[in-house]
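Read top to bottom, the protein sequences are chains A and B. Once you know that position 240 of the first sequence is 240 in UniProt numbering, the rest is easy, because the numbers rise by one and skip nothing. Once you know that position 189 of the second sequence is 189 in UniProt numbering, the rest is easy, because the numbers rise by one and skip nothing.
Hints may contain errors.
Intra- or inter-copy, both count: the list cannot distinguish identical chains.
[Unchecked claim] For lysine-lysine, the following DSSO-like pairs were computed, each having C-alpha atoms within a straight-line distance of at most 30 Å:
1) K214 - K15
2) K271 - K385
3) K358 - K48
4) K106 - K134
5) K134 - K107
6) K15 - K2
7) K191 - K107
8) K241 - K15
9) K358 - K26
10) K191 - K439
11) K241 - K143
12) K358 - K385
13) K210 - K15
14) K26 - K214
15) K271 - K241
16) K210 - K26
Hints in this document: simulated from the structure, not taken from any laboratory.
There are 2 protein chains.
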Amino acid sequence: MKHGEKLPSVRQLSKELGVSLVTVQKAYQQLQQRGYVESFQGKGIFVKSTNQKEDVDDLHTSWHMLVPDYVPRAQSLSISQPMRNIRYNLGTASIHGNLLHTEWMKKTAMQVIEENPHMLGQSSSANGDLEFRKAVSDYLQSKQLSIAPEHILAVSGAQQGIELVAKTFIGPNDVVLMEAPTYPGSIDIFKSRGAQIIPIPVEQDGIDTKMLLKLCDQYHPKLLYINPTFQNPTGTTLSVKKRKELVDIAESYHFLILEDDPWSELYFEEKPPAPIKSFDTSGHVIYLKGFSKFLSPSCRIGALVAEGPLLEKLVAARSISDLGSPLLTQKIIAGLLQSKELNKVLQNLRTDLKNRAKQCVQLLHQCSSLLTYRSPSGGNTVWVKLPQNVHADLLLEYCHTKQLTFLPGSACFPTHVPNQYIRISFAGLPLDGLKQSMKILCDTINSLSSTRNQYSLENYPIF
Amino acid sequence: MKHGEKLPSVRQLSKELGVSLVTVQKAYQQLQQRGYVESFQGKGIFVKSTNQKEDVDDLHTSWHMLVPDYVPRAQSLSISQPMRNIRYNLGTASIHGNLLHTEWMKKTAMQVIEENPHMLGQSSSANGDLEFRKAVSDYLQSKQLSIAPEHILAVSGAQQGIELVAKTFIGPNDVVLMEAPTYPGSIDIFKSRGAQIIPIPVEQDGIDTKMLLKLCDQYHPKLLYINPTFQNPTGTTLSVKKRKELVDIAESYHFLILEDDPWSELYFEEKPPAPIKSFDTSGHVIYLKGFSKFLSPSCRIGALVAEGPLLEKLVAARSISDLGSPLLTQKIIAGLLQSKELNKVLQNLRTDLKNRAKQCVQLLHQCSSLLTYRSPSGGNTVWVKLPQNVHADLLLEYCHTKQLTFLPGSACFPTHVPNQYIRISFAGLPLDGLKQSMKILCDTINSLSSTRNQYSLENYPIF
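Bound conformation, chain A alone (with noise of 0.2 Å):
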């Protein structure tokens, strides 16, 4: 057919060919979306001229775009954050490498190796290895938590074992209580179960207790997603009493704890008080540990605890969602939980990370005044106030012309959110890294406070 031609009407078509108005419809459908005709209203489908014809991989793309997905739009986000041009990464809450003991893990894992390369050939059950398991529950004994491995699931990470919990216990409407602000990653996977997010503040003995209270009254609670030790993003630590007062409180509401203890192995001074699980006699408590933090990031792998029919259910929901757990990792960090030398070298660990601590907030201390912010007893976060003019995401957008990254405080709140905060990790980056930054911070703060034309949303010119 030539350009300009009349195609014949959907009706004619379907009957000429025996075929059925839906097919017809749907061919048309898709010469006009790969730009071949054109309709007009009223008029009918005529053969479009070549060089109208739109370029395939727009077109391509542009399908692409019509496909509607499940995924929060808050996480899609930032994923298409420019990223690629950073240098100087203040935002992600990993420890670099060179704080970590890399000599150790790789004796361990060629040794893990070496003694049994058979298991190399096979596969984990979806709750994972026994002998996993084992030296996670031995561990956990220094934790003050008498767990059985049968207790124990290996989960692909922390953050795998919050999306596991949230798959199997949280629908649609189902209340789930959080910390204000709170680890950005939880958000999103409640979020995208459909959950409502009823959001308590953080004291600086943790989770306000009296306000969780009063709301258990008005809501029924599902779920309570708690960071309680070294908190992410505050640093703050839920004091025994609390830790106790949470127990009880879900056991008169029947609502489950998820208790995420990615930090407490990382403390500066004193040894935080045991995990709110091991105050739990009746199972309201789920405990997650992950152990990229302190053992090696690169096997990326944890362990939840529950008990019952909780765990029956967690362990069913696995099996559909990856069929557990890689057996080669779950054999690495048992056999690191079981080095002599862990105690050594989480002791260096901290040791590190405490002066990493000390050198970030003396930065914090020459660059302003009038920043707030607490010095950090634990993890490798600290949480920062900025000054009353200044806006955290106008802040980002200047530091990321700058290369320079930050979490913005706003990820961090499920609902209502401040604009003043700012978390930064004093421990992805290799020391003379963790300087330049913050004296790139501390120089685009100042700048922005001292303005007098203050800025705000409305006049930034990105906006």
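On the provided structure of chain A, position chain B as indicated by the hints.
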């Protein structure tokens, strides 16, 4: 208070103590659940005698049973099935360690760690390690698939890949087309997303494309899940003609094809056709390659191929789920894919599996003339139709008493469930174990088949 004493009313106590009605109600519920009090409608709540108090352990469990969950029943049931006393496992479609080259895996893994120990202190990005993605890209060239590393996403096994696609693109009432029978693990995933599943029969040359076309007019499918090469469980391979047809249909109706390809390396005679993805010029096919069947199952690593916004959404969903696959296992699989010995290893594995298949078919042949099956041309399973008077679920119950298991065909059908099929895995056991297992299976089939008084579920005592 004493046995038989009446508690104050909820309203009264609420007033006395100055707490909300709900709080008192909860407290009373808790006392009741713990067995301290009992309620009589219209009369009130009374203190129970102590010997009536239920066992605390039971209560612990009974509370857990009340927590609603979102796990599909099918998988929960299969988890609770009696797998503990199984000696003869013809059910799991894995490959026994004896048939895998664990020495080669060991050598490669040690080399990878030796050469780059720092990697043990690092983690992978959510889309996967670049070296791994390059190795996969090179490897896929040999399968007539030209895929750039940036279109590849590392997954922790093919099962995780299926779940990732499902959770990104499938939600309640979305229409998913599936082969009937199909891989059981995929059914649970799509069911757990609330999908409407439309089954399509499998013919000798793969899925019935005529039926598919008809159903596309009737429904608006969002995704077709297909296992085109040595299909699990039937062992059939989709013809080239049908592969091309599928791409055309997906383009016309704008649905996604999820091509799951764990078996195509393991052919016994002729190399199977190139993947469906190789005929896809418009980004409608998401290709999934698991490496656990022919490289190290202990690493549980696979690769997913997709383009443009589809891929971006998958990466975003992935970073919510578990932040990405372990770096270590990606590095090892990359090493195995790049190994000069890979071709030799694959050739040996093909020969071994072919011999196993031959043995298995001979044993079936000797067993009964009433069995129907096709000699497999690849993969590691045989799909068997039982004699008309033998019910597969009943056979399984009998076999369990003899410590033997297999996969009942019913597990492979998403909707209507025929009861005459079973799937036998011939590579999961050492050769002796296979022979013993087949003998037990055949004896049980023959004894059930020859019984004049035909067994049926109705007169079977256990059901």
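The hints, checked one at a time:
1. With identical chains, the CA atoms of K214 and K15 are at most 30 Å apart between copies only, with a shortest distance of 17 Å across copies and 67 Å within one.
2. Taking CA atoms no more than 30 Å apart as the test, K271 paired with K385 passes inside one copy only; the shortest distance there is 27 Å, against 63 Å between copies.
3. With identical chains, the CA atoms of K358 and K48 are never at most 30 Å apart, being 68 Å at best within one copy and 59 Å at best between copies.
4. Taking the closest pair of Cα atoms, K106 and K134 come within 30 Å of each other both inside a single copy (22 Å) and across two copies (24 Å).
5. Proximity of K134 to K107 under the C-alpha cut-off of 30 Å is found in both arrangements, the shortest distances being 21 Å within a copy and 28 Å between copies.
6. Taking the closest pair of Cα atoms, K15 and K2 come within 30 Å of each other only inside a single copy of the chain (23 Å); across copies the shortest separation is 86 Å, beyond that limit.
7. In this assembly of identical chains, K191 and K107 lie within 30 Å of each other by CA distance neither inside one copy nor across copies; the values are 41 Å within and 44 Å between.
8. Within a single copy, K241 and K15 get their C-alpha atoms only as close as 78 Å, which misses the 30 Å cut-off; across copies the closest is 27 Å, which meets it.
9. Within a single copy, K358 and K26 get their C-alpha atoms no closer than 65 Å, and across copies no closer than 47 Å, so neither meets the 30 Å cut-off.
10. With identical chains, the CA atoms of K191 and K439 are never at most 30 Å apart, being 36 Å at best within one copy and 53 Å at best between copies.
11. Within a single copy, K241 and K143 get their C-alpha atoms as close as 17 Å, which meets the 30 Å cut-off; across copies the closest is 62 Å, which misses it.
12. With identical chains, the CA atoms of K358 and K385 are at most 30 Å apart within one copy only, with a shortest distance of 18 Å there and 71 Å across copies.
13. With identical chains, the CA atoms of K210 and K15 are at most 30 Å apart between copies only, with a shortest distance of 19 Å across copies and 72 Å within one.
14. In the homo-oligomer, the alpha carbons of K26 and K214 lie at most 30 Å apart only across protomers (13 Å), although the nearest pairing inside one protomer, at 56 Å, exceeds that limit.
15. In this homomeric assembly, K271 and K241 come within 30 Å of each other (Cα to Cα) only inside a single copy, at 16 Å, whereas the closest approach across copies is 67 Å.
16. When the C-alpha separation of K210 and K26 is checked against a cutoff of 30 Å, the pair qualifies only between copies, where the shortest distance is 17 Å, while the shortest distance within a copy is 59 Å.
Of the numbered hints listed earlier, those contradicted by the structure are 3, 7, 9, 10.
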